[in-house]
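**Student:** Take a look at the letters that make up each chain.
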Amino acid sequence: MRARKDPGPGWLAGWREKRRQGVGTLGYRLLRRVLDRGPLAGRVDVRIHQVIAVAPWRLRLPPRLARGLRVREVEAEEEAALRGLRAALGMEYGERFRQAHRCVGAWLEQRLVAFVWMRRGPAHLPASFGCAWQLTAPMAWLYDLYSDPEVLGAIPHLYAYLRQHPPGEGLQEYVGQTDYDNWRSRRAHRSLGYEVRATLWSGQWGQRWVHVSRSQQAGRWRWHGGKALIPLPLFAVGSERQGWRPWASERGPEVRLQCACGRQVGLGGERFVCTCGREWGRREAGVARVGAAMPYWGEIPQAEMQRVLARARAADWRTAVRELVPEGLAEYVGDPQRAAFHELLPLPAEARILDVGAGWGGIAAALARHYEVVALEGVAERAQWIALRGEQEGLERLRVVQGDVHQTPLALGQFDAIIANGILEWVALMDHSAAPTAVQLSFLQRLRDLLAPGGMIYLAIENRFGWAEFGGALDHSGLRYTSLLPRMVARWVCARSRRYRAHFNVGYRTYTYSFGGYQDLFRQVGLELRGCWISPLGYNRPEKLVPLHTGAIRFSQRRGGRTRLRRVARWALGREGVWRRIGSDYVFLLQAEAGGERAAETRVAAGAPGEQGSEHA
Amino acid sequence: MHELILEMVQMAPAPVALSRLPLDDGALVVGFAVGGDRRQRAQAPPLWVGKTGYGSRGCRRLRAEAQALGQLEGLAGTLPVPRLLGWRESEVRGEAVACLVQSGMAGTPMEGAGPRGWGSRGLPAALLAAGDWLRRFQRLADAQRLAGPRRGLTELAAEACARAENEAEGHAELAPLLTALSPVVAHAAARAEPGAASVPMHGDFWAENILAVRPVRSLHDMSVIDWSGLGAGSALDDLLTFTANLSDGAARRERLGRWQELFFAPGRVRDYLRDWAAAAGYGDRTARLAFYLFLLRRLVWELGLGLQTRSAGERAQARAEWSEVLAWLAQRRYPDPFLPMPS
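First to last, the protein sequences are chains A and B.
According to this note's numbering, the first sequence is numbered sequentially starting from 1.
According to this note's numbering, the second sequence is numbered sequentially starting from 1.
Because the hints were derived from the structure by calculation, they are not lab data.
Just so you know, even glycine gets a beta-carbon here, dropped at the ideal spot from N, CA and C.
So the derived label-pair ranges between C-beta atoms look like this:
| no. | chain 1 | residue 1 | chain 2 | residue 2 | range |
| --- | --- | --- | --- | --- | --- |
| 1 | B | 319 | A | 496 | 50 to 60 Å |
| 2 | B | 56 | A | 489 | 52 to 62 Å |
| 3 | A | 572 | B | 324 | 33 to 43 Å |
| 4 | A | 431 | B | 311 | 43 to 53 Å |
| 5 | B | 317 | A | 337 | 22 to 32 Å |
| 6 | A | 472 | B | 311 | 26 to 36 Å |
| 7 | B | 152 | A | 109 | 29 to 39 Å |
| 8 | B | 22 | A | 570 | 12 to 22 Å |
| 9 | B | 311 | A | 571 | 22 to 32 Å |
| 10 | B | 162 | A | 537 | 38 to 48 Å |
| 11 | B | 324 | A | 394 | 40 to 50 Å |
Work out the full structure: start from the sequences and follow the hints.
**Tutor:** Here's what the structure looks like:
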């Protein structure tokens with residue numbers, strides 16, 4: 001006898017769901033019949049609403065949609081006719097509803113086939129829905145829906161129209177609402193790709209109402225009193241976003257220093273003097289000099305750098321690079337794609353960004369085309385170079401501060417984003433006061449403190465065990481394979497090597513880590529990992545950034561692979577687990593954890609100087 | 001992040017993983033759903049695909065694609081084509097910036113699923129599916145006049161010749177190539193049977209722009225992307241583009257010397273194309289016009305004179321390749337396609 005094929009858990013779950021819905025629908029319909037027509041009508045009532053939401057890309061156009069559909073605002077006369085429909089049923093809209101809603105309709109061959117009433121601002125929904133809730137964001141709700149294919153076809157267009165023509169403050173979310181007993185409506189919503197995000201039960205006993213809600217986000221039942229206002233975020237699509245918080249607007253109009261006396265000093269003028277009388281520095285040739293310069297450090301010797309600077313002043317920075325900078329480095333300096341990663345950072349145009357260790361200013365200059373940027377660079381010649389470059393490119397939103405991130409007393413909580421591109425591994429080379437990991441932790445802590453609430457850190461760095469490292473790529477020490485060695489052995493090797501990268505040999509202090517190692521590091525300073533990408537071309541060429549997501553990795557690899565063997569190998573290795581372990585360059589996006597942020601906020605609010613500010617004092 | 005992409009990220013019901021890939025004069029920002037288990041993540045298509053374009057050229061290409069996707073909206077329910085989710089054009093410090101967001105499509109480029117046994121063991125399913133897809137697209141799109149009112153092929157030929165000559169004036173180094181084909185097209189147009197009308201064409205219908213869910217069994221397993229070249233052309237244009245670019249490299253090169261021989265050497269592919277021409281109502285002379293018109297369009301496209309950006313290296317390579325192709329054709333006195341080649 002042939003064994004019966006197991007339908008699988010999916011089939012069973014689907015069947016159970018169908019049965020549950022069927023019973024629920026039938027039960028509710030019977031209840032409604034009793035409540036509407038029985039002796040209790042008008043005194044006792046129960047209503048169940050489903051709050052239905054959809055992301056625009058999930059909207060499905062039904063194939064039967066006719067061409068020639070037009071969507072526009074419903075005019076006053078037409079709106080009156082729509083209201084008349086309601087009045088004919090003996091359910092007139094309240095005056096509040098008239099003032100607070102806007103109507104958008106879809107026409108097909110001069111016939112109005114569907115329409116949506118949309119909220120204009122915070123208010124209660126009309127009583128005809130049998131419930132009341134507080135709206136904290138503009139929303140649209142579907143007034144009525146039939147299983148007519150023309151109406152179905154029109155609904156996605158209505159939502160698309162609403163998205164493109166927001167009322168004033170900007171419509172961001174679309175929430176449809178349907179009564180549970182209207183099974184055709186529910187089915188129609190689902191056929192379009194909507195999903196039920198929340199269910200609201202409203203019960204009436206005499207004049208009293210009670211509401212119970214359950215949303216996907218909350219995951220549990222919540223009671224709301226008769227007069228309680230049910231917040232929209234409980235149901236809204238946007239409340240489950242990636243966790244980005246609204247941008248803080250309290251960071252002030254200009255970049256500030258934190259004085260030891262507790263006051264803050266703006267970097268706007270020519271001299272940075274606190275009202276307590278202390279002078280923190282001055283602006284010279286476009287560079288805000290705060291504190292002493294770091295010893296020279298760079299890809300070319302100091303004398304050459306000064307020649308390049310002189311040539312850039314005399315001619316143009318591009319000419320200077322073309323004539324005097326070695327070819328490979330010239331590409332690196334002038335590459336307009338250095339800040340291509342900004343296309344993945346959810347930053348508004350008014351965001352303020354700090355570029356730590358800005359170097360030749362490639363990233364800062366590219367970012368300053370879109371945002372306000374502060375380039376922080378310790379080496380005097382490089383800071384001058386960035387200022388010159390910004391001036392010659394006409395970048396008014398680029399400010400250059402000469403100083404070290406620890407030594408410069410920047411006020412806390414004033415940057416929406418901080419860029420640390422290839423910096424973390426170097427910080428321990430200049431600071432020998434503690435073990436490399438401790439120095440790196442202190443650096444990360446400082447960055448976290450500088451972040452505005454909700455801000456983020458973009459951190460790009462190598463993987464200690466990346467494929468390039470196994471392939472013999474030079475480590476930061478200037479030697480091969482040192483990152484792969486145990487730290488103690490690496491220190492011993494570096495201390496005895498003549499090929500050590502820096503002119504001062506301090507052993508192995510340029511620590512990089514594995515993915516897990518970085519996670520530990522971030523956790524210790526209260527930074528939360530919001531995203532991680534692998535940069536296959538290296539983090540200094542961020543044109544290609546692939547998230548640790550198997551689908552995305554395979555999408556990025558879908559072109560190329562000339563032979564079948566290569567294609568198979570790519571497919572087999574194209575997994576997030578593999579890339580996480582052996583990806584060569586990581587790009588992390590970090591946000592301060594809630595507790596950590598609170599600590600930083602407390603420090604700012606109390607006006608207490610940061611650790612470095614105290615040192616200056 | 002472009003404001004339109006930012007909106008898409010903010011409106012997502014669940015966290016989105018963003019990927020950035022380079023494009024000519026812009027970038028591709030693709031959103032993937034983060035939730036689900038590993039298998040789901042590996043198989044799920046992108047939620048949406050955003051394209052940003054910088055500079056006048058990048059913006060022009062995206063604008064053309066946005067317009068095309070808008071026109072195609074009526075077909076979205078019947079043919080798997082991406083849907084336009086958003087389009088915005090702005091200016092950043094005097095530089096034009098455009099962004100287009102379209103729905104993500106499932107599948108991988110058809111080239112990855114390359115048709116094995118090309119020309120010897122029957123026609124590959126991929127080619128048949130592509131042919132079926134094109135046939136359906138042309139029927140539906142023609143009914144809706146997606147590429148405007150129908151025009152005669154001779155009119156299109158005259159336009160293409162005029163354009164090639166204009167381009168030749170602007171690019172002296174390319175003039176020998178461009179002016180070599182124009183007279184052939186003009187001659188073929190003069191001799192073509194009257195009455196052949198244009199149909200809507202994709203404009204860049206090749207394997208990389210066709211996403212296939214493997215194994216390809218029917219046209220419903222395929223979706224077509226990159227619609228910036230949507231316009232009017234001959235019924236054969238897209239199919240010839242597809243055939244010319246579909247490469248199962250080694251096998252085909254062993255059997256045939258050059259790609260253009262595919263259209264003349266006896267085989268199932270040539271028979272298939274000939275049947276197509278007959279089904280479109282093209283006689284031998286019209287098929288000849290359609291073929292040389294395709295070559296002229298392709299030449300202009302690959303030399304980077306169309307919407308597509310080409311680097312200096314790519315242009316040089318295209319120039320060298322097309323010099324060979326044209327010399328090969330000239331040596332054989334521009335033979336008729338789909339007919340035995342004169343010895």
